[in-house]
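Here the protein sequences line up with chains E and P, keeping their order.
If you're matching positions, the first sequence starts at 1 in the UniProt record's numbering and goes up one per residue.
If you're matching positions, the second sequence starts at 1 in the UniProt record's numbering and goes up one per residue.
There's no promise every hint is true.
Keeping only pairs whose Cα atoms sit at most 30 Å apart, straight-line, the calculated DSBU-like set for lysine-lysine is [what the hints assert, rightly or not]: (1) E:573 <-> E:397; (2) E:81 <-> E:181; (3) E:556 <-> E:573; (4) E:13 <-> E:181; (5) E:622 <-> P:183; (6) E:622 <-> P:397.
These are calculated hints, taken from the structure and not from any lab test.
Listed below are the residues making up each chain.
2 protein chains.
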Amino acid sequence: MSDALVIFTPSGKRGRFAHGTPVLTAARQLGVDLDSVCGGRGICSKCQVSPGVGAFTKHGVTVSPDALTEWNSVEQRYKDKRGLLDGRRLGCQARIQGDVVIDVPAESQVHRQVVRKDVTARDIVMDPATRLFFVQVAEPDMHEPSGDFERLNAALADQWGIGPVDAGLDVLRALQPALRKGKWGVTVAVHQGHGIARPVAVDIWPGLYDGGLFGLAIDLGSTTIAAHLCDLRTGAVRASGGIMNPQIRFGEDLMSRVSYVMMNPGGDIEMTRVVREGMNTLIADIARAEGIDPRAMVEAVVVCNPVMHHLFLGIDPVELGQAPFALVTSGAMNLRASEVDLVAINAQARLYMLPCIAGHVGADAAAVALSEAPELSDDLVLVVDVGTNAEILLGNKTRVLACSSPTGPAFEGAQISSGQRAAPGAIEAIRIDPVTKEPRFRVIGCDLWSDEDGFGAATKASGITGICGSGIIEAVAEMRMAGLVDASGLIGSASQAGTERLQPEGRTHVYVIHDASDTGGPRITVTQGDIRAIQLAKSALYAGARLLMDEMGVDKVDRVVLAGAFGAHISPKHAMVLGMIPDAHLDQVTSAGNAAGTGARIALCNIAARAGIEVTVGNIHKVETAIEPRFQEHFVAANALPHAVDPFPELSRIVTLPNVSFNTGGDGTGGGRRRRRA
Amino acid sequence: MSDALVIFTPSGKRGRFAHGTPVLTAARQLGVDLDSVCGGRGICSKCQVSPGVGAFTKHGVTVSPDALTEWNSVEQRYKDKRGLLDGRRLGCQARIQGDVVIDVPAESQVHRQVVRKDVTARDIVMDPATRLFFVQVAEPDMHEPSGDFERLNAALADQWGIGPVDAGLDVLRALQPALRKGKWGVTVAVHQGHGIARPVAVDIWPGLYDGGLFGLAIDLGSTTIAAHLCDLRTGAVRASGGIMNPQIRFGEDLMSRVSYVMMNPGGDIEMTRVVREGMNTLIADIARAEGIDPRAMVEAVVVCNPVMHHLFLGIDPVELGQAPFALVTSGAMNLRASEVDLVAINAQARLYMLPCIAGHVGADAAAVALSEAPELSDDLVLVVDVGTNAEILLGNKTRVLACSSPTGPAFEGAQISSGQRAAPGAIEAIRIDPVTKEPRFRVIGCDLWSDEDGFGAATKASGITGICGSGIIEAVAEMRMAGLVDASGLIGSASQAGTERLQPEGRTHVYVIHDASDTGGPRITVTQGDIRAIQLAKSALYAGARLLMDEMGVDKVDRVVLAGAFGAHISPKHAMVLGMIPDAHLDQVTSAGNAAGTGARIALCNIAARAGIEVTVGNIHKVETAIEPRFQEHFVAANALPHAVDPFPELSRIVTLPNVSFNTGGDGTGGGRRRRRA
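Here chain E stands alone, though its shape is the one from the complex (with noise of 0.2 Å):
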């Protein structure tokens, strides 16, 4: 009886075995990724898989129906008790004994793809550093005297080909109870991690463990704290929150809180402490909503800015609010939970934490990076992170650039006169008519248009509150659309640019939106200030991507990318109109979401790419734009809507911005005070 072949889809490895090879032994053997963690016992299901039968051209076999063995009882077992797909078989207990093809479905694959749901996501191939083993450990002898935890590594070396394990002293308490309930049977959760030297074992169970594996991705922000609980076997996105970052009681932005720790000695303990304690409230809260065991998360990954990476890691960020910016360290940070306070979770979960760029561009930067690639990219790609500070990156597979940029907050709608946060009742789109000059728009909470029927129903409980900063990137846009704004950023009269709703308010003047103060509601206005704010913001936005492109040697990038809740939010063509970013074809100007979460996920799923963004943040190229001569002169010259000197072609070919000009003299053009908010 001559070997059979056996020919594994989607991989199409083949081979030949002999009769009464399991399954999973022939996928081992080549290599086909197929799961198991109970190691072929025929109790964890892990290793499913779909026999075909029947004439398989393509392959060139033809399987017989009787190609695996008949069910033995484990395999009859499990399915009796926990049941099985119709034409699944467990891959551990069925036997060649012929010719046959043998599907992997996605779900039995460790490395399988979590495939993107919407265009920003990213594709991420599973690949976790924590996974799970069962092993059956030998009993102790009392003639051939060892540890348990030595039986035990042994074990997971002759059973699973891995280890010699650590194991903290919790995992140590833990070993002798787990070995005798579960009669020497124990499943164990192995983080196999870089950065790391030997594997660590992170807990450990009685018998087969089967309650599931899970990791956090934090994307830990000056504003917000946000947590991503993925399941670390599916890579699934098992439910998100967040929360606002407790610090901002210290400070509001970066800057404030260095401040913050500068006045006031042991201010940093007191941040470091408030922010764990908030990451801790989410998790457990999150945890508590999804009913999953604290134990069962294991591990997590956080990005964020360098000055919250140090409050986070309970260093005294105070280096990083003065020239030369420097970190205490840059390097990826392989850390126990527990360092760093993480209670909400198990006790020996691992935490990993991205590479910090530089003293302004952060593990979040780092994490955009891994999101967006740019070092893949054929084409020259610029990616902005908008923010309080703005990363940016520019780059494709030759060379990537990364600078910051102190835009400010305007950008969240902080420091405008009728600002506020994006949530219901704030104004986040809005459009002005060119000939009427009179406005229209939209609230969050509601679809409807200010000018559509039953809008004021629609928008009676929310009420119509501020403008956030979406709504203020594209009120100023529509007014330098409208012609009720000039090149310069100067707000023209009700005379001069034709409507009412300008109105004069000390030396210069206001657009009205929205005016409920008849009924003790708000006025909700552009004042001339707010445009300023807007255009320092916008005018280092866009300094420091020309810097970099400087550095670059072009004047033009292929596409750009959006990055942050608030990139998703922008229009295009308006932050063009601003000037905010680069020239390009609207075609190309995309968002790309929450990049700094979506990098931090990839980090979390697959142990790969943490090695990848390492070697990648090693390779960018800092520039620096506090200390560069020409980030003022790009500064100044970008302070004109769009620009003073900077030709937009793309933009030219789908708007035609008035000619207007309404300097009397009076105003400057606004290229005043700049300070640098990291």
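Position chain P relative to chain E; hints supplied.
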């Protein structure tokens, strides 16, 4: 000008060097052991050398007075400020300009030898895991951003050829202030450990730190915790101290502590807490008395028996209380001291625990093996560490065996009618006149014998309060030699043995050593029960040794080493009269003092010793007494004084034991109940 011949003593290493070569450079190139902390900057003075002048016929060179350069300003400044012994030069500043013989004094050697002070101490070659390294770190550069820690690592690699080092968050936290305060020069304590993947930066100081580095060698016993504060540079024991193990309130012996855990869930946690607290108190007291900064204590080595090992690590010890006596882990432990709450030393200090040999033969026995090195012995040596449980090693270069034997607490004066701890007032030595049968004795705290003038006055303060462990051993042996006790252990009556000091008590007799009952003082006697207790203990000890001899296929050992604080006080002759130990020439029975503590000190001061003892322990063959039928046979046969069947030819040469027999049929021979005391 040809190169100069440079000869270093005492190593004898020689080589030719270009004129102008610093002595330190020449030493390094030749592999001469010449210390330096500052890396050749002329500030640490660790590289002091003594150049010779004149004719050195042995080496065939004549050294002219100008063989080394004149004092330069750095060297002169050091001498003016800190002083240098006559004839000493700084090796990093003095340069070679002629043939020269240079002596490296012991204190300038890293791997100096600590010469033993008494016969029980082992020589230790210094090679500590943690050493100081001064580095000048590059300042941060905005254009080439990197973390301070990354530049520290670069400096360590460049200036010392070590690293990259890992650093805990505490060290990262201290890094930036230290660098700036030290003007980018810092001293790092680097632990280049065995058993850890990468070197660890334990602490960091601004500028050149010269406050010393210390380590603790801790012998964690069931009854007492003893700690030696060692200078990690010189190996000197700076101070020692001890306290009672506070776990005693949960049970005097180990088995009763294990029982406490079995009966009181959570009892192990409580015992873990108190033993760690006790250790912290002990360390803090020693450090305070010596004026040592807790930060300067950067390492600890702990040795202990398996039950203490588990309780100290916070691991439930119940499995050690029952067959098969499974350890959670038998391997050596490399921990951070903070993992076991050792807060009295540096927060980042490292803790090493020696491996355990088996469930009853712990890290303390491993430390004895490290101290006594039976695996290096040409002759066959029996090492007995006497305690509540005796650990016994037998071996030579070919093979080493180990077992433990449940001797019980009798040797420590417990369960003895007049027994007490070794404290002032306790009888520690006794002689009985073979003719008059009258005793004379010595008590702890007084050098006089009881029949010498002034004894009464000298012992007035302490009184005569009882018998300690070594006292009861001598008492029983002397009674046997004086014919008051027969070979079966039975005490004769006054008429049988011819002294009124033998008095009836119930159905048996007692020997009155001291009677102060008429003045309200104690009446100190040796009872039949005491003899039986000693017989049980010594039988267990002898049977264990005998079992190892069987396994080794010998009926005689070449020498016997008595280890343990108690072992130091036992009279070899009396021990042999009792048959505690196998027959040997008395000159070949020696005391090793606190060999476990010595082993801990060796592991603390010499990193290679850790790897060595781990290999040795792996090669030691464990014999389990609890399940070995021959143990019971040996135990019964060993009940007689000195032994029922084994001849004691060496003993016979110096002592003739009276051939008496007092058995009138009433009392048995004492092979009574025996229970394991772990």
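Open item on the list: Does residue 573 of chain E sit within 30 Å of residue 556 of chain E, going by the straight-line distance between their CA atoms?
Closed with: holds (17 Å)
Open item on the list: residue 81 of chain E and residue 181 of chain E were given as a pair; does the straight-line alpha-carbon distance stay at or below 30 Å?
Closed with: holds (22 Å)
Open item on the list: Checking one constraint from the list: CA of residue 573 of chain E to CA of residue 397 of chain E, max 30 Å. Satisfied?
Closed with: holds (28 Å)
Open item on the list: For a C-alpha distance cap of 30 Å, please report whether residue 622 of chain E and residue 397 of chain P respect it.
Closed with: With a Cα-Cα distance of about 62 Å, the restraint between residue 622 of chain E and residue 397 of chain P is violated, given a limit of 30 Å.
Task: 30 Å limit on alpha-carbon distance, applied to hinted pair residue 13 of chain E and residue 181 of chain E - done: violated (40 Å)
Open item on the list: Tell me if the straight-line CA distance from residue 622 of chain E to residue 183 of chain P falls inside 30 Å.
Closed with: This hinted pair holds, its Cα atoms lying about 26 Å apart.
In the structure shown, a violation is registered for the earlier hints numbered 4, 6, in ascending order.
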